[in-house]
Amino acid sequence: MTTLSHYLLLSALIFAVGMAGALTRRNAILVLVGIELMLNAANLNLIAFWRYGPHPEALTGVMFAVFSITVAAAEAAVGLGLILALHRHMQTTDLDKVTGMKG
Amino acid sequence: MTIGFLILAIVTMAGVVAAMSMRHLIHCVLALTLGFAGLAMLYLQLEAQFVGLTQLLVYVGGVAILAVFAIMTTHSSEPVARPGTSYWLGGCVVATAVFILLAHAIEKSGVGARTMPAAPVGGVKEIGVALMSGYILPLEIVGLLLTAALVGAVVVATGEGSGKR
Amino acid sequence: MSEIVRNLWLIPALPMLAAGVCALLKRGRRRLSAGLAIGAMAGALGLSVAALVEAMRAGGAAETFNFVWLQFGTEWLKLGWVLNPLTAVMLVMVSFVGLLIFIYSVGYMETDENFGRFFCFLALFAGAMLGVVISNSLLLLFMCWELVGLTSYLLIGFWFEKPSAAAAAKKAFIVTRIGDLGFFLGMMWLYAGSGTLLFYDHGAGCLEHTALARLVAQAGVLGLPAAGIIAILIFCGAAGKSGQVPLHVWLPDAMEGPTPVSALIHAATMVAAGVFLMARIYPLLAASAANLGSAAALGSAASVEPTPALMVVTWVGAITAVFAAVIAVGQYDIKRILAYSTVSQLGYMMMGIGVGGAAVGMFHLITHAFFKALLFLGAGSVIHGCGGEQDIRKMGGLRKLMPVTFAAYTAGMLALCGLPLVVSGFWSKDAILHAASEWSVSHVPFYLGTIGALLTAFYMTRQMAYVFAGTLRLPEGEAQHGHGGHHAGVHESPAVMTVPLVILAVFAVGLGFIGTPAWPWFQSFLNGGQASFELKALAGEGMLAVMATSSVIVLAGLGLGWMIYGRRGIASAEAPDAVGAKMPAVFATLGAAFYVDALYAATVVRLNNFAARMSARLDRWVFGGAVRTVTGTVSGLAHLDRFTDETLVNGGFDEGCESVTLGGLILSLLQGGRVQNYMRGIGTALVVLAALMMWGAR
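Chains A, B and C supply the protein sequences, listed in that same order. Numbering follows this note's numbering, in which position 35 of the first sequence is assigned residue number 35; successive positions increment by one, without gaps. Numbering follows this note's numbering, in which position 4 of the second sequence is assigned residue number 107; successive positions increment by one, without gaps. Numbering follows this note's numbering, in which position 157 of the third sequence is assigned residue number 425; successive positions increment by one, without gaps.
Next up, chain A with everything else stripped away, as it sits in the complex (with noise of 0.2 angstroms):
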């Protein structure tokens, strides 16, 4: 019997992995990515919640995760481009080589 502790968790460890790529790794790319894991968690969490909730015919939890499915597709295709222009001006992804925000 799968409880919602179990769920919990594994959406818990998703964001974890997801985190700890977005802080880690040197591409851009992938901290976006990192970032995106990081939402799907959320999502996981959001619909267990719903499933498990006192009243799981409102269909808060499915709207909830639908718009954040919707905004989390329209932030990456702008967060992509912006790596495109990046890419532009820069001539790399690297993370480590962007510091022109140094004080």
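Hints are computed from structural coordinates only; laboratory data are not their basis. A few of these clues could be false.
Restraint ranges, calculated between C-beta atoms of paired labels, are given here [unchecked claim]: (1) B:H207 - C:L916: 55 to 63 angstroms; (2) B:L248 - C:G964: 16 to 24 angstroms; (3) B:E210 - C:I934: 39 to 47 angstroms; (4) C:L954 - A:S68: 14 to 22 angstroms; (5) A:S68 - C:Y946: 19 to 27 angstroms.
Short, incomplete list of chain C residues facing chain B, as computed with Cβ under 7 angstroms [stated by the list, open to error]: (6) G951; (7) T952; (8) V955.
Just so we're clear, the structure is a prediction, and the values are computed from it rather than from any experiment. C-beta: ideal position from N, C-alpha, C; glycine also.
Keeping the supplied structure of chain A fixed, place chains B and C upon it in accordance with the hints.
Just chains B and C now, with coordinates in the frame of chain A:
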């Protein structure tokens, strides 16, 4: 936990971990696709069919492909010598800390004791009705958002060139 | 009060106004400046004649116009002007002689580029002199007196580029100032003693009976009453201005000025101001208990008992008369001879006032003004004709080359010598000698006067022989000076210069007849009485004896001079003087004016220079040191302040700013520019906050 959940969990985790640790970026994205697919299965298992299929459509069919396009355009398809940044250990530590925190919070709260209620009637028809009645405003806003994101992404990605011309 | 008396102030005001306008004119406006000055003088002359008419009508009373001027405390200083016979005759003389000399100057100063400045100063002088004459207050008189001294300085030093002229001007001013110190002291004592400085104030003036009685009663110093001491102190001022011994040294040097200046100021008017002052304050001079008892004011000699002040005046005058006449014998400069002659005649005038009263002295002053001005203008004509030459040894034979000048000069010379009966100088000098012969104190002044008359005739004949007789000894080329070379040789002066000479000659001869004993119009006019024509007065009171004596003396002097100089002639310009050849040591002493100047230079001048040096040292080291100390202190404080400001304040402030910048720099190190670092930071913060929330909520 059921077997199905366990298998799906393992598959998803494998994809996610691989996505974050491979040297070839293309391999990373492919592993990511696997991870997305696993998540879609989990949604289906949770009887959120619409979300799961939407996940497949948007994430696997959109975001992952977009990432591939980005990798191709930025010529990042070569394998990298050192996948991590200069301070990769700190990031791992933070991520670990976050997981420990979340795990602790999950265990501490008593959500494991919840029983699964009856299966909801979450068909497309119900979702469509809800979108057009209760959630009309977010729908419109999201539409606007998508338009802006579309235009913005194009402008940002090709910006300087079209401006000069 | 008649109109003329009310407007008497116009007489000095017109020339002063002309001077003011002249001062503002530009350099080239020669005709305008000369015209203004001459016009103003003519106006003053017209008004003076009107004043004379009014004075004759008033018959000897003093008409005054007084006004208050200055208040200090509860006292008021009053000023004013007075019209009495003394004022009237002096006004007419000054304005008439002044007018003639102004016209003469147009010709004499023609080639000078400072033409306008000359007339400005001349007009200012004329205004000041007329102010001295009309003044009713001793203070106003003193103010105009000083102004006269100032203009004398300006005019003596007119050609100030010449060092000798500048030095002469300074000498004149300083020597007269020494006399003026006595004047000022006397004035202050007079004010303290009598409470007023007005001469005539309807009975309250200081020359009127009440004040004089008070002054006689007050005690002065040396056993003299206050009146006597005041009179002697004021006489010091007159002695300086009129060149009495020992303050005579400036007058010969004052010949450095242009000849019209010498004629106007140092012959006719300014030097006469001292004599005029004595005549003005004669009541004060003659104030004694005995004299005040009788009703004499400007009384004739017989009714006035000699006071100590009058005696001082007489003796100084007599000594001066002879002293200067002796020096004149040994001079070679044409103007210097005349200058010493002026000093001598001023001595005569003072003697006249002392022995005979104001009328006697004033008569000689008036006649002297005319013939001395004539002599100076003639000398100027001679100098002009000889191209600037002033040494008589280099002249000669001018009677044929400058006949009009010669004729006028002869008239003046004879008037000065006092040729019997014909000329004015005879009658005026005779009046003085007559009064001196009857002086109750001593007959020595009379003898000194006669010796002086002999010497006067002698040195004037000597001068005439050198200048006009014989043949021209002027070196070639000297006569061309001053005319640009287009006139060759010595020639007569232009009409603008000779016409005034002729007019003055007429007066030099004819003026005497208003003062003869037969018809003493002048004396009685001044004394306020009526004169009648009585020929037998000539024979009365020893008059005839004095006339005979003086005639013999004059003719003897003329003859002596003719024999020594005229008959033998002057051989050449380098030949020694006839008297000098016989008595070289004596002659040299005369030439150096008895070494008086040298004596003064060795004593007074050296003392003064020493005092000046000491003062300079005091100023530079003591006062200057004090000032430097103060400035040094302030400067040091300023430096200290700046140091404090720069290092402490600025430094502290700058340090503060530096540390802020440093802090900013350090903090900016947080911005590594790497996005993932920022994200790590956010993650860490999230963990920490969440942990805190969870553990805190427990």
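Now the hints, each set against the structure:
For H207 of chain B paired with L916 of chain C, a C-beta distance near 59 angstroms keeps the hint of 55 to 63 angstroms intact. For L248 of chain B paired with G964 of chain C, a C-beta distance near 37 angstroms fails the hint of 16 to 24 angstroms. Taking 39 to 47 angstroms as the suggested C-beta distance range, the pair E210 of chain B and I934 of chain C conforms, at roughly 42 angstroms. Judged by the Cβ atoms, the range 14 to 22 angstroms given for L954 of chain C and S68 of chain A holds: they are separated by roughly 19 angstroms.
At about 24 angstroms, the beta-carbon gap between S68 of chain A and Y946 of chain C stays in the expected band of 19 to 27 angstroms. A hinted interface residue such as G951 of chain C counts as satisfied when its beta carbon comes closer than 7 angstroms to some beta carbon of chain B; here the least separation is about 4 angstroms, so the hint holds. This hint holds: T952 of chain C has a C-beta 6 angstroms from the nearest C-beta of chain B, less than the 7 angstroms allowed. At about 5 angstroms, the closest approach between the beta carbon of V955 of chain C and any beta carbon in chain B falls short of 7 angstroms, and the interface hint on this residue holds.
Hint 2 from the earlier list is the only one contradicted by this structure; the remaining hints agree with it.
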